[in-house]
Amino acid sequence: MNDLDGTVYLDHAATTPMVPEAIAAMAEQMAITGNASSLHTSGRAARRTVEEARELIAERFGARPSEVVFCSGGTEANNLAIKGLYWSRLAQDSARHRIVFSSIEHHALLDPVTWLAKHEGAEVEMTPVDKQGRILVDELRAAVEREPSSVSAVTTMWANNEMGTIQPISDVVEIARAHDIPVHSDAVQAAGYLPLDFAASGLDAMTVTAHKLGGPVGVGALMIGREIDATPLLHGGGQERDLRSGTVSVALIAAFAAAVEVSVSRQAETVARIEGLRRRLLEGIVRTVPDAIINGDPQPGSDHRLPNIAHVTFPGCEGDAMLMLLDAQGIECSTGSACAAGVPQPSHVLLAMGYDDTAARGSLRFSLGHTSTQNDVDRLLEALPAVHQRAQRASLVRAGS
Amino acid sequence: MRVVAAMSGGVDSAVAAARAVDAGHDVTGVHLALSRNPRSYRSGARGCCSIEDAGDARRAADALGIPFYVWDMSEEFADHVVDDFIAEYTAGRTPNPCLRCNEKIKFAAVLDRALALGFDAVATGHYAQLETAPDGTIEMHRAIDMGKDQSYVLGVLTQEQLAHSLFPLGDTTKDVVRAEAAARGIQVAQKPDSHDICFIPDGDNAGWLAEKLGPKPGAIVDEDGTVLREHDGAYAFTIGQRRGLRLGVPADDGKPRFVLDIEPVSGTVTVGSREALAVDALACLQPLWCGAAPTGTLDCTVQLRAHGDEHRARVRVDPSTGSGGGSTVRVELIDPASGIAPGQACVIYAGTRVVGSATISATSRVRAA
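Heads up: the protein sequence lines correspond to chains A and B, in order. With the working numbering as the guide, the letters of the first sequence map in order to residues 1 to 401. With the working numbering as the guide, the letters of the second sequence map in order to residues 1001 to 1369.
Bear in mind the hints are in silico, worked out from the structure with no lab data behind them. Mixed in with the good hints there might be a few duds.
Here chain B is said to cover these stretches of chain A; the calculated rule only asks that three of the stretch's residues, wherever they fall, bring their Cβ under 8 Å from a Cβ of chain B [to be verified]:
no.: 1; region: 28-35
no.: 2; region: 167-173
Across the chosen pairs, the derived CB separations fall in these ranges [what the hints assert, rightly or not]:
no.: 3; chain 1: B; residue 1: A1163; chain 2: A; residue 2: Q389; range: 36 to 44 Å
no.: 4; chain 1: B; residue 1: A1163; chain 2: A; residue 2: L381; range: 34 to 42 Å
no.: 5; chain 1: A; residue 1: R266; chain 2: B; residue 2: R1002; range: 50 to 58 Å
no.: 6; chain 1: B; residue 1: G1185; chain 2: A; residue 2: P300; range: 48 to 56 Å
no.: 7; chain 1: A; residue 1: E120; chain 2: B; residue 2: G1055; range: 29 to 37 Å
Glycine included, each C-beta is placed from N, C-alpha and C at the ideal position.
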């Protein structure tokens, strides 16, 4: 995206611009009064909009409409999935106190899992990953099969948000299914960039969110099988299958559906274009900074990596210094790391992949999206040599202090 | 100039940043993360290192419309300030961590990083004034608000550091700064001033040191050497301390007793009368001069602690007499001082101008113990 103000936005994995269709749907619905739970005409009209959106989203993601539970977004969907499954399975069978998850989950999954361990006595087991950031299936199998009857849920993200590495979801499903263990996947980063088929995947629950695929922030969905029991987090009117209470936001849901429609229908074309831009970007980076290391799985394709994420380590540089210098030139990217009070912490994903603290701090994530242009990539490549040189100098100063 | 404004989340640094913007500089706000665990540091009103403070700094930067980042300086801070603080107490000295932070973090690690990243200067909300003398020397002077003057904790800065420093508040009183913050719509306008040591969460220095250093029993003795009681660690005491001595037996003359001396190796803490605290000569090491080193004997004033009184003094620099060949400084106090501990900084002033600074290594009492 090259706005009038000249901003080069290379952080689509954080959030991507809304597509005009979603903005239009949202504006249209915001002008209309109606609670989808009301029985009168306005209420029925709102309900119709919500249900049509549900049907569309279900259809595009290979789910049944009744399997789509709208909520506030990825964090809530992940919390609902993992806490809901854990509590419900444990209530049925007190032996099921284990959760098996991966070491590269987003905080929106990692933190509820560690919370369950700390406050609810869950025994949690982290599946390690290889150098590309892909889980070691045999390790996951061993963890489950050591005592399958004590596992309440298995969860592995579909594609990693920092690295873009796609996980072997079918293997995960096969292992869990063999022991009748419910399996969840956080597909927030995959949705929009990979074809997702909930039914074909064999998953019991899957998280998606609107704002990563051109919809608004504040709405997402947990796809969850009809027959799967989960304990709700929010109690109240029971609007969403009694699993999630709270007045549904007609405008957000309508915009979510519009964005799903656009992103899925244009997926092949967008992905092909973005792959080209990503290649140009990485070739350019390696040309400018020959010792730059491109992380993750180098191979494209839906078994390998997302088309839109480029994760690069710049040895001898601090990522946050580069981010600041690029930002000063209107080029926006991410260090791909979690922040505590704005303090960059080395990413747990990179540490899990075997990177040391310094390499983890010296990395940047550039993520492309539907509005990315060749000019965006070229602006970055133009700015990079000077930025890299300065950041390198700043690191030397620090090392010497 | 391209300026990094160090923004603590308090009102002073926010207004300093605003003034740097007004002066036409290209300003970037930077909050320093000094704790490895931000939750453990003092929060809100009393510190500068908590998550709330980072948020306040961010909001102030937003209000000024300047970019804002958090720089993680926690390792440097742990090495140069916290570890130094512990080591100094272990050696029986009384360090000033704020001064150390200015010397090693704000105007060293932060400034060096800023310069490497293409900035020209660091601006802070310290109350002090800089003036360039005709010969090009950068002079540091006390702020016009003597109640807020912070030249004492900046007295360690070298010419090179001062050449890249901006103190936009030196010519202003705190009242004016608060009013200006309110007028500019900066949310922290009424936030109380910070006090004490930011990395000690509850202000209990002795408790914090006890936790870090463990029990180091020793004796509290009077000036005759009579043991009054045992204690768990000399670091719980500072020279001049009166409260919390828990001596049980009153002094012979019935007057309150004060800590006169701490002997680090044995941990012996000597107590005595207020009169015995008075000190009229100091030996100081590692002088740093703000400009040229004085020669001969200098009639001047000295300040011996942050926000402490000025004492008239006569200072003599002895080159090459310190260990390792460094200079030493002898200070005769015309106005005696009390409660002076080795480790404290002696900052030397000619009028309002900072001449230099040195670390007190020994004191001589008016009435020897």
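To see whether the hints hold, each was checked on the structure:
1. 28-35: It is violated, with 0 qualifying residues against the three required.
2. 167-173: violated (count 0)
3. B:A1163 x A:Q389: 36 to 44 Å: Given range 36 to 44 Å: violated, Cβ gap about 24 Å.
4. B:A1163 x A:L381: 34 to 42 Å: With Cβ atoms ~36 Å apart, the hint holds.
5. A:R266 x B:R1002: 50 to 58 Å: violated, 42 Å
6. B:G1185 x A:P300: 48 to 56 Å: holds, 50 Å
7. A:E120 x B:G1055: 29 to 37 Å: Since the Cβ atoms of E120 (chain A) and G1055 (chain B) sit about 30 Å apart, the hinted range of 29 to 37 Å holds.
Violated hints for the displayed structure, listed by number in ascending order: 1, 2, 3 and 5.
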